[in-house]
Amino acid sequence: MAKKQPIITLLTDFGLQDHFVGTMKGVIASINPEALVIDITHDVVPHDIFQAAFLIKSTYQYFPPSTIHVVVVDPGVGTNRRALIVSSERGYFIAPDNGVLSYIYADEGIGEVREITADHYFLKPRTGTFDGRDVFGPVAAWMSKGVGLSSLGEPIEDYKKYDLPKPEPVGQGAMRCKILYIDRFGNLVSNLTQAHFEELLDASEKRRFAFQVGEHTIGKISSSYTEGNDNEIIAIFGSTGFLEFSANKGNAFKLTGIGAGKDFFVKVA
Amino acid sequence: MAKKQPIITLLTDFGLQDHFVGTMKGVIASINPEALVIDITHDVVPHDIFQAAFLIKSTYQYFPPSTIHVVVVDPGVGTNRRALIVSSERGYFIAPDNGVLSYIYADEGIGEVREITADHYFLKPRTGTFDGRDVFGPVAAWMSKGVGLSSLGEPIEDYKKYDLPKPEPVGQGAMRCKILYIDRFGNLVSNLTQAHFEELLDASEKRRFAFQVGEHTIGKISSSYTEGNDNEIIAIFGSTGFLEFSANKGNAFKLTGIGAGKDFFVKVA
Amino acid sequence: MAKKQPIITLLTDFGLQDHFVGTMKGVIASINPEALVIDITHDVVPHDIFQAAFLIKSTYQYFPPSTIHVVVVDPGVGTNRRALIVSSERGYFIAPDNGVLSYIYADEGIGEVREITADHYFLKPRTGTFDGRDVFGPVAAWMSKGVGLSSLGEPIEDYKKYDLPKPEPVGQGAMRCKILYIDRFGNLVSNLTQAHFEELLDASEKRRFAFQVGEHTIGKISSSYTEGNDNEIIAIFGSTGFLEFSANKGNAFKLTGIGAGKDFFVKVA
Chain A
4 MAKKQPIITL
14 LTDFGLQDHF
24 VGTMKGVIAS
34 INPEALVIDI
44 THDVVPHDIF
54 QAAFLIKSTY
64 QYFPPSTIHV
74 VVVDPGVGTN
84 RRALIVSSER
94 GYFIAPDNGV
104 LSYIYADEGI
114 GEVREITADH
124 YFLKPRTGTF
134 DGRDVFGPVA
144 AWMSKGVGLS
154 SLGEPIEDYK
164 KYDLPKPEPV
174 GQGAMRCKIL
184 YIDRFGNLVS
194 NLTQAHFEEL
204 LDASEKRRFA
214 FQVGEHTIGK
224 ISSSYTEGND
234 NEIIAIFGST
244 GFLEFSANKG
254 NAFKLTGIGA
264 GKDFFVKVA
Chain B
4 MAKKQPIITL
14 LTDFGLQDHF
24 VGTMKGVIAS
34 INPEALVIDI
44 THDVVPHDIF
54 QAAFLIKSTY
64 QYFPPSTIHV
74 VVVDPGVGTN
84 RRALIVSSER
94 GYFIAPDNGV
104 LSYIYADEGI
114 GEVREITADH
124 YFLKPRTGTF
134 DGRDVFGPVA
144 AWMSKGVGLS
154 SLGEPIEDYK
164 KYDLPKPEPV
174 GQGAMRCKIL
184 YIDRFGNLVS
194 NLTQAHFEEL
204 LDASEKRRFA
214 FQVGEHTIGK
224 ISSSYTEGND
234 NEIIAIFGST
244 GFLEFSANKG
254 NAFKLTGIGA
264 GKDFFVKVA
Chain C
4 MAKKQPIITL
14 LTDFGLQDHF
24 VGTMKGVIAS
34 INPEALVIDI
44 THDVVPHDIF
54 QAAFLIKSTY
64 QYFPPSTIHV
74 VVVDPGVGTN
84 RRALIVSSER
94 GYFIAPDNGV
104 LSYIYADEGI
114 GEVREITADH
124 YFLKPRTGTF
134 DGRDVFGPVA
144 AWMSKGVGLS
154 SLGEPIEDYK
164 KYDLPKPEPV
174 GQGAMRCKIL
184 YIDRFGNLVS
194 NLTQAHFEEL
204 LDASEKRRFA
214 FQVGEHTIGK
224 ISSSYTEGND
234 NEIIAIFGST
244 GFLEFSANKG
254 NAFKLTGIGA
264 GKDFFVKVA
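Residue numbers (the working numbering), protein chains in the order written: chain A, 4 to 272; chain B, 4 to 272; chain C, 4 to 272.
I should point out that these hints are in silico values taken from the structure, not numbers from a laboratory.
Please note that a few of the clues may not be correct.
Which copy is meant is left open, so a pair is good if it fits within one copy or across any two.
As the list claims (entries may be wrong) - In silico DSS-like pairs for lysine-lysine, Cα to Cα no more than 30 Å straight-line:
#1 Lys169 to Lys127
#2 Lys7 to Lys148
#3 Lys252 to Lys163
#4 Lys270 to Lys257
#5 Lys265 to Lys223
#6 Lys223 to Lys127
#7 Lys252 to Lys265
#8 Lys148 to Lys209
#9 Lys223 to Lys148
#10 Lys163 to Lys270
#11 Lys252 to Lys164
#12 Lys181 to Lys163
#13 Lys252 to Lys127
#14 Lys252 to Lys181
#15 Lys270 to Lys223
Fair warning: this is a prediction, and the values are worked out from it, not measured in the lab.
Working from the sequences, and respecting the hints, build out all of it.
Here it is as structure tokens:
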């Protein structure tokens, strides 16, 4: 049987202006030139663990389940924070132990979380300022050549995990929700899933609802970004399954001034 | 005979800061990990169909003729705009039916333009906000595995096509031309081809000419970007075969303030 | 024996917004679709030869020694500046003869420097404005298919080479050093190596030292970017072996206002 081509994805805050990403790929290609390396993004806001957590959640399920996802947003590089390898039914994840995989822990039947301690797989000398090159990249490359999880380190239970923001009831028929992410088009991606919203509606007699986003009140769900008048804020369930606020031919982020981490409200009557 | 490695190119306005491009590549790799995926650019100004049209025109002829070019600048995503597959002697093109392939229709002996209707090749569920992931990416991947055009949908004739801006005579020996594109170096790329310009000169007795670009008058053709004094605007036939205005050690766009879509004039005496 | 997959890296100032990089890759894939093409960066400041020189130095040693590195920062394109192919124990380098390989000449036992004159390997017509597409890309692709150095042109000795900035003594126990590069995190990467610094300390009785960087005085070497109070400037030996100035949760470049090319001082007592 032909061996399947191994896939490694990279998601970092390294940017594309320096040599960092290219150097990581050089290390990987030196170990396993057969690996197919795919960039998710390298433009995470420096040190923004929450943004990276949202991005890896949004993409991993579109890759084959044997894919090795490397997530390096790592403000603690050079300290004693641990390096992790996580297995799940839908992929492998290599990252620092700083909560950046919190959505993965929540989404999937996790197989194991192991601390990576097998430093003979690391690049020498390990400088302590670039673990993407010295630790995460080479470990991913060795895994893509068949090195097994049990060779990398022991299972742990006390890995770092953020409480993920969930919609919260505030009085009768009302929920406080959060904006999780702003994309390049200025769409505000929230934490309200379609399933959760349907549940709310089903519990209501009138099935009427309104979203309150800053000054804007939205009373319907659109089915295309092209709905609404110019610069009108619309609500739409986006490609990640979450409610988004958007603007036809406009940028909802600029129009509302509402950024990641901010609240909005849904009322059902 | 060894099967040739299939090539898929991507040209979008998705940017690189989100997961969108990585996710498209995940979908493609899930269907055909053997495909070589090459980014043209993802930094098209959001929804700028004309810019994308110019960019795909500038690049496709440098790829093998079996290449599958995917162009996703798609303000109409989620509406009933059609998805197209276009065959030509110099490549295949997958794009929304919004005119983004207008230069391709003009350049090449088009084989066929088909509407993609074979939705069993789409990702399910198709969310209506991300057809790069749900439609264009998977169709390209299936084509790269050998799915034929006739399996994808029926030929159509009424696909959308822009009138491409051509130089126009304005009085005797004068033409009004247009700037089509500004590149990262600030070069102003126009719609005047070298062939067209030679024709103009041949029709003149004196073979003298001047370009009028805003306040700037240029009376010669340079052969290198290094000609001219610092910040002087020069005229040069660029790598795409069109006349460009440029500035030695400077940025012609910043110096002239003349952007894409603006007119300039050529006078021949 | 299975032939090893050839690797070509690209380091340019072409940016990612135009079609330039994609077009280069199309040319390479047309000649050798088996080559693995890896981007180092394309965001070098336009025409900044020194920045590109630093970046190629920082990355090449992390690639297999058979790798072909293409460096195109080329303000002299279209003039009679030469195109070079350089062999070394740690890789091949293709670049214009403008000093962009100065660190390579200094770092490595150079095998040969040859002028590339074999224009039957170039793309025709060569327009004179885009040698990345017409010269450097195709030559790299042909090399990756096995075309030998001696087929490309004759050895030369008078290639262009910059004097690299080295720390200089200024009075007793003091050195003037330089900032070479600012990375995306705002770290100031200097030209003082760890080896050189240790030498200075060894020559001192008290082994006390201070770095003077603008208004900031730093008296210790940190071992992680997380040391220091918020926005305090710290000194650390970085991943390229050079001293860097950094700021915990801050941007040292913004805090100090000190950019590439600026001096700082080290005093040992």
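| request: Go through the copies and call it for lysine 223 and lysine 148: within, between, both or neither, with a Cα cutoff of 30 Å. | output: Cα proximity of lysine 223 and lysine 148: none, with 51 Å in one copy and 42 Å across.
| Between copies, within a copy, both or neither: which fits lysine 270 and lysine 257 at Cα up to 30 Å? | within (24 Å within a copy, 44 Å between copies)
| query | Are the CA atoms of lysine 7 and lysine 148 at most 30 Å apart within a copy, between copies, both, or neither? | reply | So lysine 7 and lysine 148 pass the 30 Å test inside a copy (11 Å) and across (15 Å) alike.
| task | Can you give me the call for lysine 163 and lysine 270, within, between, both or neither, at a CA distance of at most 30 Å? | result | neither (34 Å within a copy, 43 Å between copies)
| task | Could you place lysine 265 and lysine 223 in one of the four classes (within, between, both, neither) given a Cα distance threshold of 30 Å? | result | within (21 Å within a copy, 41 Å between copies)
| message | Reference check for the pair lysine 252 and lysine 181, CA-CA at most 30 Å: within, between, both, or neither? | response | both (24 Å within a copy, 25 Å between copies)
| said: When Cα atoms must be at most 30 Å apart, do lysine 270 and lysine 223 count as within-copy, between-copy, both, or neither? | reply: Classified as within: same-chain Cα gap 12 Å, cross-chain 57 Å, threshold 30 Å.
| request: Pop the pair lysine 252 and lysine 163 into one bin, within, between, both or neither, using alpha-carbon distances up to 30 Å. | output: between (41 Å within a copy, 20 Å between copies)
| task | Up to 30 Å between alpha-carbons, please classify lysine 169 paired with lysine 127: within, between, both or neither. | result | Between. Shortest inter-copy distance 26 Å satisfies the 30 Å Cα cut-off; intra-copy 43 Å does not.
| field | Same-copy or cross-copy closeness of lysine 252 to lysine 265 [CA-CA at most 30 Å] | value | Answer is both: 23 Å inside a copy and 22 Å across each meet the 30 Å cutoff.
| message | Within, between, both or neither: how does the pair lysine 181, lysine 163 come out at a Cα-Cα threshold of 30 Å? | response | within (22 Å within a copy, 40 Å between copies)
| request: Using 30 Å as the alpha carbon limit, work out where lysine 148 and lysine 209 are close: within a copy, between copies, both or neither. | output: Answer is neither; intra-copy 58 Å and inter-copy 50 Å both fail.
In terms of the numbered hints stated before, the structure departs from hints 8, 9, 10, listed from lowest to highest.
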